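Participant: Each chain, letter by letter, is given below.
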Amino acid sequence: MFITPLFFTILVTLISGILSKSVELTFELPDNSVECFYQEIEQSTSASLEYQVITGGQYDVDVKVEGPNQQIIYHKKKMQYDSHPFTAQYTGVYKVCFSNEFSTFSHKLIYMELNVGPEQPLPGIGEHATVLTQLETSADEIHSALNRIIDHQTHHRLREAQGRKAAEYLNERVFWWSTFETIAIICVAFLQVLVLKNFFSDRPSLYNKM
Amino acid sequence: MKLINVCPLVILVFILDLVSALYFHIAEGERKCFIEEIPDDTTVIVNYKVELFDPRSGGFMPSSPGIGMHVEVRDPNDRVVLSRVYSSEGMISFTSATPGEHTLCMYSNSTSWFSGSQLRVHLDIQVGEHAVDYANVAQKDKLSELQLRIRQLLDQVHQITKEQSYQRHREERFRMTSESTNSRVLWWSLLQSAVLLSIGYWQMRHLKSFFEAKKLV
Chain G
0 MFITPLFFTI LVTLISGILS KSVELTFELP DNSVECFYQE IEQSTSASLE
50 YQVITGGQYD VDVKVEGPNQ QIIYHKKKMQ YDSHPFTAQY TGVYKVCFSN
100 EFSTFSHKLI YMELNVGPEQ PLPGIGEHAT VLTQLETSAD EIHSALNRII
150 DHQTHHRLRE AQGRKAAEYL NERVFWWSTF ETIAIICVAF LQVLVLKNFF
200 SDRPSLYNKM
Chain P
0 MKLINVCPLV ILVFILDLVS ALYFHIAEGE RKCFIEEIPD DTTVIVNYKV
50 ELFDPRSGGF MPSSPGIGMH VEVRDPNDRV VLSRVYSSEG MISFTSATPG
100 EHTLCMYSNS TSWFSGSQLR VHLDIQVGEH AVDYANVAQK DKLSELQLRI
150 RQLLDQVHQI TKEQSYQRHR EERFRMTSES TNSRVLWWSL LQSAVLLSIG
200 YWQMRHLKSF FEAKKLV
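Top line first, the protein sequences correspond to chains G and P. Residue 87 in numbering that gives the first Met the number 0 sits at position 88 of the first sequence, and the numbers go up by one each step. Residue 137 in numbering that gives the first Met the number 0 sits at position 138 of the second sequence, and the numbers go up by one each step.
Since the hints were derived computationally from the structure, they do not count as laboratory data. It is possible that part of the hints are untrue.
What the hints assert, rightly or not - Listed below are the simulated EDC-like cross-link pairs for lysine to aspartate or glutamate, each with C-alpha atoms no more than 16 Å apart in a straight line:
no., chain 1, residue 1, chain 2, residue 2
1, P, K161, G, D150
2, G, K164, P, E100
3, P, K31, G, E34
4, P, K31, P, E71
5, G, K164, P, E170
6, G, K63, G, E49
7, G, K164, P, E171
8, G, K76, G, D59
9, P, K31, G, E27
10, G, K196, P, E211
11, G, K164, P, E178
12, G, K76, G, E65
13, G, K94, G, E39
Said to hold, decoys possible - Covered by chain G, according to a simulated footprint, are these stretches of chain P (three or more residues, beta-carbon under 8 Å):
no., stretch
14, 27–36
15, 132–142
16, 147–155
17, 161–170
18, 175–185
As the list claims (entries may be wrong) - Pulled a few chain P residues facing chain G out of the computed Cβ check, cut under 8 Å:
no., residue
19, A20
20, L21
21, F23
22, I124
23, Q191
24, V194
25, I198
26, Q202
27, H205
28, F209
29, K213
30, L215
Computed from a predicted structure; not experimentally measured. Beta carbons: idealized from backbone N, C-alpha and C, even for Gly.
Only chain P is shown next, with the shape it has when bound in the complex (with noise of 0.2 Å):
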């Protein structure tokens, strides 16, 4: 009966805290992008909730019924790994597959009635160990404090390691980059001096020949 209770309750505190997040405006239709940059196998939540401007009151509309928000997830590849129209209020998670740059953007679906008008747009994005309920985790797996702090901190610790991992991995990309231009430079320099000598040489034989047919040395 207890546990009945709880989970709406803990859906219901979710909603409420989002109205407390960090928001934005955006005109109708415009597109908004974010960028996360993480490991693989790293999961993201996204909350979010769109209210529209109400020119009568001045306001924002708590809830705008007519009022959808396309949600687009790429990944470093530019693959969609999500791409949804959503209602003005959501939730989506999605867990990376490949490390990199993952972007994220929003635009509203443009309905001919709203455009033009500003829509003010709740966002909270939570990555890794930030992204975990732990008031789930101790419910479901009947955890006591100490043994639920236990578990943060290894999530963080793999978080960590994720992340180290993951900076290696770029840390090779950055000097393969490095090591590129390099040899581009030096190869490039030296094709330069050999197209340098070799046109010089052609010049001087094509005019020298030019200047005997034409009688003048």
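Isolated chain G (complex conformation) (with noise of 0.2 Å):
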């Protein structure tokens, strides 16, 4: 009575733990500072890392995963987007670095997200033995097209976002830079004419000294 549920519990959650975590992140990045997420992998699971930078400089980072032993399984510098698929051949911690060290002003926004093991099924789903009808097998096939058309969509929004961030500051400045230039004008124009008059006036100044 009491051993069943406790066994269903330990199976459902050796099962979650092996299958799937997903986790989406997005997150401010300083400048000249690293930012590490770890994650625990079991072996042979297979992971993959997906990275955009959405604002900040060049809109580039520098990208590492480390395994457990500390080797390197993903090393890159410099990088806008990429994906990066691995399986993990040791049981252990696996770490994400985000490194910003070689700039020295740009704080950078970028999106991370971390996908291990395959999807979770739905519960009840893959427990019966009999084969999926025609029906079954569309809606997995739907499942799984509508799962890509929501990465897409990602993928677009933060593109969209790197353009409207990036639009955004362009208007900023425009504004910045033409109030700063009107003012410079005026105080130009007023200058011009005081020296000028300097050069000519009989009263002893600065400039008809030199």
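Hey, can you piece these two chains together into the complex? The hints should help.
Facilitator: Below is the structure:
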């Protein structure tokens, strides 16, 4: 009576521990800093890392994935976006680091997605031993197609965010620069007249002493 | 009887699950923020668990009752949606009212005893369709496998639709920004020409009258 649910729990936990872990994070990476995330992965589980720089500087970042024995799985410098699938060779803690150490003043916004293992199946599905009906197979196919659509949508959303942020920044800069230049023109105009008048005035001043 | 048994089990599975989630380290009192860009009416579920570094054993204590996490969620207009102190482990969920960038910030409530030490934060954020617990749905609505799958497909399609209408909204904003830049550049260049011309004219007139007064011409 009591043992069965307990066993069930342990089983489910074990299964869900091995199966899917997917997390998406968007975070700010200050200048000159490193941000690391850790994830425990079981042996021979497939995993994939996807990232994209949304704003900041030249839209680049150094990315490094390290295995449990400090072996380097993936190391690329000044990347804008990439996705890297890999299979865990050992059970242990895998480390994903984003580094902005080469940049001294631009802080960045980074999107990261880490998928571990295949997608967790719906409860009930996969338990029955009979062959899937055509309807079930189609439903499965639609499901994976929709998942792909969502992934692509995310990519486009980030691209759009990149463009929009750049446009907003440009707009702001245009505004401030034009304000500054208008003030500069007016100041220079008055200064020119004052200096020129000084050249011809009878009173000794700084300019006609030279 | 069976139903009663299963409910705590689901929760238990959830908590045990979290131990294998992604984690990162922060210093005591350090603020860590994450941004979630989501359409409106989207549910976000955040699971977290904090562990305190134990200098004696050199590891992390699995449960640290003295630690609390301050969690703050702000909507795109910088209004506070949620701001509370939670215990070292918790689940937060909120539903967005306005589309846009929601900021989620976490920091530990600093107690002088622990200050300077390191914290390990396990974090799991699920958005939209991913946040739905289908095991629960299946039980509550008594759905068959296929019905459940169709439910999931529907949820996905809903999410895509919401995302797309949000995309349109953002595209509109993007276009407005670009048009604003364009008109600012245009008007400012016209204004600058006018200012330059009028200032040049004023300089000439002013200097001419000055030279005439000084009898230089």
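Participant: Does each hint hold? Answer for all of them.
Facilitator: Hints, verified against the model:
1. Proximity of P/K161 to G/D150 is assessed by CA-CA distance (about 15 Å); at most 16 Å being required, the pair is judged to hold.
2. Proximity of G/K164 to P/E100 is assessed by CA-CA distance (about 12 Å); at most 16 Å being required, the pair is judged to hold.
3. Taking the CA atoms of P/K31 and G/E34, the gap is about 11 Å. The hint holds against a cut of 16 Å.
4. At roughly 10 Å between alpha-carbon atoms, P/K31 and P/E71 fall within 16 Å of each other, so this suggested pair holds.
5. Simply put, G/K164 and P/E170 have alpha-carbon atoms about 12 Å apart, close enough for the 16 Å limit, and the pair holds.
6. Using a Cα cut-off of 16 Å, the hinted pair G/K63 and G/E49 holds, with the two alpha carbons roughly 12 Å apart.
7. Between G/K164 and P/E171 the alpha-carbon distance is near 13 Å, which keeps this suggested pair within the 16 Å criterion.
8. Using a Cα cut-off of 16 Å, the hinted pair G/K76 and G/D59 holds, with the two alpha carbons roughly 8 Å apart.
9. The hinted pair formed by P/K31 and G/E27 meets the criterion: a straight-line CA distance of about 9 Å does not exceed 16 Å.
10. About 12 Å separates the Cα atoms of G/K196 and P/E211, which keeps this hinted pair within 16 Å; it holds.
11. Of the pairs offered as hints, the one joining G/K164 and P/E178 holds, with about 14 Å between alpha carbons and a cut-off of 16 Å not exceeded.
12. For the proposed pair G/K76 and G/E65, the alpha carbon gap of about 15 Å is at most 16 Å, so the pair holds.
13. Proposed proximity of G/K94 and G/E39 is supported: the alpha carbons are some 9 Å apart, at most 16 Å.
14. Residues of the stretch 27–36 of chain P with a Cβ under 8 Å from some Cβ of chain G number 6, which satisfies the need for three, so the listed coverage holds.
15. With 3 residues carrying a beta carbon less than 8 Å from a beta carbon of chain G, the stretch 132–142 of chain P meets the three-residue requirement, and the given coverage holds.
16. Counting residues of the stretch 147–155 of chain P whose C-beta lies closer than 8 Å to any C-beta of chain G gives 6; at least three are required, and the coverage claim holds.
17. Under the rule that three or more residues need a Cβ within less than 8 Å of chain G, the assignment of the stretch 161–170 of chain P holds, with 5 such residues.
18. Figure legend: the stretch 175–185 of chain P, annotated as covered by chain G; annotation consistent (6 residues with Cβ-Cβ distances under 8 Å, at least 3 required).
19. For P/A20, the shortest C-beta to C-beta distance to chain G is roughly 7 Å, which falls under 8 Å, so the interface hint holds.
20. The beta carbon of P/L21 comes within 5 Å of a beta carbon in chain G, closer than 8 Å, and the hint placing it at the interface holds.
21. Interface restraint check: P/F23 against chain G, minimum CB-CB distance 5 Å, threshold 8 Å, status holds.
22. Proximity of P/I124 to chain G holds as hinted, the smallest CB-CB distance being about 6 Å (cut-off 8 Å).
23. The beta carbon of P/Q191 is positioned within 8 Å of a beta carbon in chain G (closest approach about 7 Å), and the interface hint is therefore held.
24. Using the Cβ-Cβ criterion of 8 Å, the hint placing P/V194 at the interface with chain G is satisfied: the shortest such distance is roughly 6 Å.
25. Satisfaction of the interface hint for P/I198 is found here, the shortest Cβ-Cβ separation to chain G being roughly 4 Å, below the 8 Å cut-off.
26. Given the 8 Å rule on beta carbons, the hint for P/Q202 holds: about 6 Å separates it from the nearest Cβ of chain G.
27. The beta carbon of P/H205 is positioned within 8 Å of a beta carbon in chain G (closest approach about 6 Å), and the interface hint is therefore held.
28. Among the interface hints, the one on P/F209 holds; its C-beta lies about 6 Å from the nearest C-beta in chain G, closer than the 8 Å criterion.
29. For P/K213, the suggested interface contact is upheld, since its CB lies about 6 Å from the closest CB of chain G, less than 8 Å.
30. Among the interface hints, the one on P/L215 holds; its C-beta lies about 6 Å from the nearest C-beta in chain G, closer than the 8 Å criterion.
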